[in-house]
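Residue numbers (the numbering used here), protein chains in the order written: chain Y, 1 to 758; chain G, 1 to 186.
Read the hints as simulated data drawn from the structure, not as lab findings. Predicted model, so just to flag it, every value in this text is computed and none were measured. Each residue gets a CB set at the ideal place from its N, CA and C atoms; glycine is no exception. Any given hint could be a false lead.
[Stated by the list, open to error] Calculated cross-link-like contacts (lysine-lysine; reagent style BS3-like; alpha-carbon spacing at most 27 Å):
no.	chain 1	residue 1	chain 2	residue 2
1	Y	Lys-366	G	Lys-44
2	G	Lys-93	Y	Lys-7
3	Y	Lys-521	G	Lys-93
[Said to hold, decoys possible] Label pairs and their calculated CB-CB ranges:
no.	chain 1	residue 1	chain 2	residue 2	range
4	Y	Arg-247	G	Ser-10	45 to 55 Å
5	Y	Asp-122	G	Thr-162	55 to 65 Å
6	Y	Arg-45	G	Ile-60	42 to 52 Å
7	Y	Asp-175	G	Arg-129	17 to 27 Å
8	G	Ala-152	Y	Asn-315	31 to 41 Å
9	G	Glu-25	Y	Lys-22	49 to 59 Å
10	Y	Ala-350	G	Ser-10	39 to 49 Å
11	Y	Ala-350	G	Ala-152	15 to 25 Å
12	Y	Gln-124	G	Thr-162	38 to 48 Å
13	Y	Lys-22	G	Ala-63	46 to 56 Å
14	G	Thr-162	Y	Asp-175	36 to 46 Å
15	Y	Arg-378	G	Lys-93	39 to 49 Å
[As the list claims (entries may be wrong)] If the Cβ cut is set under 8 Å, some of the chain G residues that face chain Y in the computed set are:
no.	residue
16	Ile-13
17	Thr-16
18	Leu-30
19	Thr-34
20	Ser-36
21	Leu-169
22	Glu-177
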Amino acid sequence: MAGCTNKRIGDRLYAYELDLLKGPEREEFEIHLVECRFCLDRARRFQDAARTIRHDQQMRAPMERLARHDEAPGPSRSRITITALAIAAVLTLLILQPWQIEFRPTQEALALEDRLLVTTFDNQVDQHDSTGLGELLTNLLITDLSESRYVRVVSTQRLNDVSGLLVRQGTSAQDPGFVRQLAEATRSRWALTGSVVQVAPVIALTTQIVDLSSGEAVASQRITAGPDNDVFALVDSLTVRVKQDLRLPDDASREVDPPVGSVTTYSIDAYHYYIDGLRFLQQAYFDDAVRCFERALEFDSTMAMSYYYLAKMQNRDAIDKAVEYGNRASRKEQLYILSLQATLSGDASAARGYLEQILEQYPDDKIALFDLGSMASRSGRHAEAAAYFEQVLDIAPLNRSAYNALAYACANGGDVDQALVWIDSCIALFPDEPNPHDTRGDIVSASGQLDSAIASYERVYRLKPDFANYATLFKLSRLYIYRGDYSKAQDCVQEAAVGGERIIRSVARTYMGLIPMYQGKLAEAESILSDGIAADRLEQATTGRYGDRSMKHFIRSRIFVEQGRFKEAAAEMRLAIEVHHLVYSSRQPMYRCSLAQVLAEGGDFEGAAEIIDILREEYLNNFEPAQFAYWYASGCVELEQGQPTQAAASLEKAIEALPDYDGQYMLGRAYVEAGLTEHAIANLEAMMSNYPDRWRLILGLWTARLPFYLGLAYEQAGQTDRAVVQLETFLNTWRNADSCLTDVTVARDHLARLTTTP
Amino acid sequence: MATGEDTGSSINILYTAARDGGAAEERRLLEFLTVSFRHLAQLKMGNAGDAEEVVQDALITIAARYRDMEFEVSFAAWAYKVLRHKIMDCVTKARNRKRLMEQEYDRFEPEPTWQPDPQLREKILDCFRSISSRNRRHARILNLVYQGYTTAEICDRLHLSTGNFYVLLSRSRTALEYCLEKDKKK
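Take the sequences, apply the hints, and build the full model.
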């Protein structure tokens with residue numbers, strides 16, 4: 001049976017049967033039914049079912065239940081367990097029978113489409129393909145063929161996904177039926193298999209194209225590289241021959257066929273590193289991926305896609321280079337680049353437009369779907385994000401990144417149970433990969449489950465101690481600190497300090513100061529930070545967003561405030577601003593509102609007011625970051641001036657603009673001092689379990705005080721038992737604190753009163 | 001290999017052969033049209049008798065005129081228009097009303113003579129349950145269709161481009177078709 005005469009229109013059959021096509025679209029489809037016997041036969045066979053689905057009123061209630069079944073918010077824990085088991089069962093099913101629902105075993109016309117599958121080249125000279133030549137040739141050939149408007153070729157992404165699934169299913173790539181299974185899974189009518197039969201003096205390949213609907217070989221080729229053994233030219237020649245073998249329309253011979261090197265690179269080494277980078281990226285080994293892309297650029301400084309991935313992961317400025325060399329990427333890749341450029345410049349709508357353009361042409365493009373999900377996620381549209389990530393999983397059921405992102409989207413949307421279902425499913429599939437465990441740690445940490453989060457991060461550490469450039473190790477150290485395991489925290493930080501690169505060592509030196517600071521050992525912390533600043537100067541480790549030199553100045557400033565050294569505190573905060581400004585010269589300096597706070601704490605209200613005036617001016621001129629800063633500084637000054645109710649109102653506006661940790665803490669304090677007990681309890685209780693926020697440790701002197709203020713709030717509310725627990729917790733954390741910290745004395749007094757008053 | 005664009009469907013070949021050939025070629029063309037016309041007419045008319053009458057009427061018109069026609073788009077598009085006009089004429093007469101406007105074509109439904117088959121309904125629901133355990137989007141889309149959402153509104157709610165929506169629907173249908181046929185084989 002011949003296939004559909006126009007796949008684009010043929011795909012609308014079900015929409016037509018459901019009466020979703022109207023006007024010209026409907027007319028176009030009905031004309032198609034007049035001329036396409038394939039679609040007409042499908043429609044006739046399905047006529048009764050379509051009529052039942054559309055018109056039988058009794059279909060509706062069960063369908064609504066099926067649709068809502070997965071959408072019901074906040075399932076109970078017992079239901080979650082069942083859901084988790086169900087998901088696990090479904091996953092097993094997907095793994096064991098991944099294509100069962102898509103294929104009719106006997107009717108190739110339905111299953112196979114006019115698409116070409118290029119399988120990985122078999123390197124007969126080097127069985128293990130230790131040089132990666134087979135993979136390289138496959139990738140290049142797919143890229144080159146994809147540039148043709150006349151060839152539908154299975155993408156490298158899809159090839160890898162499907163191969164991965166089949167291998168998990170137990171099929172070996174060496175099995176005779178493997179190619180057929182790959183073709184069926186990708187609904188490809190043609191499969192191109194190839195072998196490297198010679199590498200010296202020049203590379204020689206043999207290829208064969210098989211029409212899987214008939215099982216017959218359509219064509220075979222033997223092709224040899226030219227005297228210069230240029231792999232890229234070899235792939236270009238092969239592409240021309242493949243297109244001839246596929247008997248494309250006449251126009252195909254007239255289309256411009258750019259050399260594959262012009263849309264990738266002409267450097268074999270660069271391309272090898274690029275492929276390795278993509279592999280690391282898939283496993284979420286971002287630092288390894290970054291290194292590979294950087295290495296690729298050492299061999300070819302015009303490789304646009306390497307810049308693209310660098311910009312995506314680490315260095316946003318690299319996008320300029322990606323755009324500059326955009327003509328060295330394929331058409332689809334150029335759209336990725338433009339989309340990322342738009343994203344980084346804050347033009348979400350343009351970014352979305354580019355991604356949708358990709359999807360118009362390649363509806364199964366995982367990267368575009370994933371990026372759309374990420375954009376939704378960043379904008380706080382978590383349900384929308386989850387829908388995109390689910391689409392990625394529909395296409396690629398083993399896509400780790402989609403599981404991961406889906407888990408975060410659910411967690412950020414408030415459905416922690418569902419988030420755990422997704423991430424546990426991912427862990428079940430990839431138990432030895434660190435990233436899913438890290439994500440699990442993040443999710444349970446955000447929901448206040450300290451021990452469980454520590455267990456997940458410890459698992460990451462066992463699998464890859466330097467995972468994510470030691471980020472997980474730092475997270476683990478923070479949680480150890482909150483649990484009071486200071487020596488374990490110290491071990492983590494030491495390891496990062498020894499093994500990490502310059503910026504990591506700088507961060508580690510900051511953490512070394514934060515550990516005693518959290519315990520109220522101010523002098524010790526200040527001394528360590530002082531040494532850290534000296535070391536940072538030596539190593540010029542002023543760069544990096546966190547834990548850099550400006551951060552150390554900021555922390556020292558807060559320590560000086562606690563010690564009553566207000567002039568030094570203000571000077572230190574000014575240094576923090578100065579260093580930060582050096583690092584981020586193009587952006588607005590941070591810490592100005594903190595300087596206003598320090599000045600007010602030292603009684604210099606005039607100085608604070610000057611800063612507030614500047615911030616107000618910026619705020620009124622619609623400079624968005626100034627909104628938080630202005631209200632925060634105002635609230636802090638009002639609190640110091642003994643106007644806690646007014647301060648609470650200002651700080652509420654601050655966290656409305658930006659729900660930062662410092663704003664929330666100061667708001668909690670203002671509520672306590674204003675006697676707004678209920679608000680204070682709600683605010684401080686929420687902060688108590690907000691473990692993931694790194695500012696929780698940077699502002700460790702405040703975090704350690706959370707139970708103190710919460711204890712006072714409980715006391716105000718007459719909840720004595722709770723007050724006692726909190727005050728005892730606070731006193732335990734600061735049991736060895738420096739004597740200048742007078743809150744310890746206050747807490748002791750309150751505790752004594754609470755425990756002795758009948 | 002084609003990219004899915006029309007590379008010359010058999011109806012155009014049949015039409016050319018009929019136009020330049022004799023009675024046998026014309027018969028083949030009309031037989032080809034009969035099958036699709038019957039399907040389309042029955043969808044709109046409900047009543048098989050009326051549908052057959054409309055089809056025959058349309059085929060007579062086509063047979064009488066196709067050799068002399070110059071087609072703006074294609075023979076298939078013209079033939080379809082002929083059928084469509086015949087359907088509208090018939091519905092106008094049957095419902096004893098003024099001529100239907102062109103834009104009303106989409107909206108009119110066949111008379112409700114069709115009765116659902118409970119067995120088929122159960123089979124379909126079983127398949128839906130099985131598919132929904134792996135992919136819930138099909139159930140979601142149908143639920144929205146039942147609630148009267150248009151394609152554009154569904155795409156908006158599910159954050160899909162229209163093209164992608166059709167592809168997803170097409171896949172879901174294939175899964176359902178396969179499930180139903182598998183059940184038949186049992």
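Checked hints:
At most 27 Å may separate the alpha-carbon atoms for a hinted pair to count; Lys-366 (chain Y) and Lys-44 (chain G) exceed this at roughly 39 Å. Of the pairs offered as hints, the one joining Lys-93 (chain G) and Lys-7 (chain Y) is violated, with about 37 Å between alpha carbons and a cut-off of 27 Å exceeded. With a C-alpha separation of about 95 Å, the suggested pair Lys-521 (chain Y) and Lys-93 (chain G) falls outside the 27 Å cut-off, and the hint is violated. The supplied range of 45 to 55 Å is broken by Arg-247 (chain Y) and Ser-10 (chain G), whose beta-carbon atoms lie about 18 Å from each other.
Remark: the range hint 55 to 65 Å for Asp-122 (chain Y) to Thr-162 (chain G) is contradicted by a beta-carbon distance near 41 Å. In this structure the hint that Arg-45 (chain Y) and Ile-60 (chain G) lie 42 to 52 Å apart at CB is violated, the actual value being about 29 Å. The hinted range of 17 to 27 Å is not satisfied by Asp-175 (chain Y) and Arg-129 (chain G), whose Cβ atoms lie roughly 33 Å apart. At roughly 40 Å, the beta carbons of Ala-152 (chain G) and Asn-315 (chain Y) sit within the given window of 31 to 41 Å.
Between Glu-25 (chain G) and Lys-22 (chain Y) the beta carbon distance is about 36 Å. The supplied range of 49 to 59 Å is therefore violated. Checked against the hint of 39 to 49 Å, the C-beta distance between Ala-350 (chain Y) and Ser-10 (chain G) comes to roughly 44 Å, which is consistent with it. Between Ala-350 (chain Y) and Ala-152 (chain G) the Cβ separation comes to about 22 Å, which falls inside the hinted range of 15 to 25 Å. Taking 38 to 48 Å as the suggested C-beta distance range, the pair Gln-124 (chain Y) and Thr-162 (chain G) conforms, at roughly 47 Å.
Between Lys-22 (chain Y) and Ala-63 (chain G) the C-beta distance comes to about 31 Å, which lies outside the given range of 46 to 56 Å. Between Thr-162 (chain G) and Asp-175 (chain Y) the beta carbons are some 40 Å apart, a value that agrees with the proposed interval 36 to 46 Å. Restraint check, Arg-378 (chain Y) to Lys-93 (chain G): a C-beta distance of roughly 60 Å breaks the suggested window 39 to 49 Å. Interface restraint check: Ile-13 (chain G) against chain Y, minimum CB-CB distance 10 Å, threshold 8 Å, status violated.
Annotation: interface hint on Thr-16 (chain G) violated; nearest CB of chain Y at approximately 13 Å, more than 8 Å. Contact between Leu-30 (chain G) and chain Y, as hinted, is not supported at the beta carbon level, the nearest pair being about 12 Å apart and thus beyond 8 Å. Hint on Thr-34 (chain G) is violated. Least Cβ distance to chain Y is approximately 11 Å, over the 8 Å limit. A distance limit of 8 Å between C-beta atoms decides the matter here; for Ser-36 (chain G) the minimum to chain Y is near 5 Å, and the interface restraint holds.
Look at Leu-169 (chain G): its Cβ gets to within about 4 Å of chain Y, closer than 8 Å, so that hint holds up. A distance limit of 8 Å between C-beta atoms decides the matter here; for Glu-177 (chain G) the minimum to chain Y is near 6 Å, and the interface restraint holds.
This entry does not satisfy hints 1, 2, 3, 4, 5, 6, 7, 9, 13, 15, 16, 17, 18, 19, going by the numbered hints stated previously.
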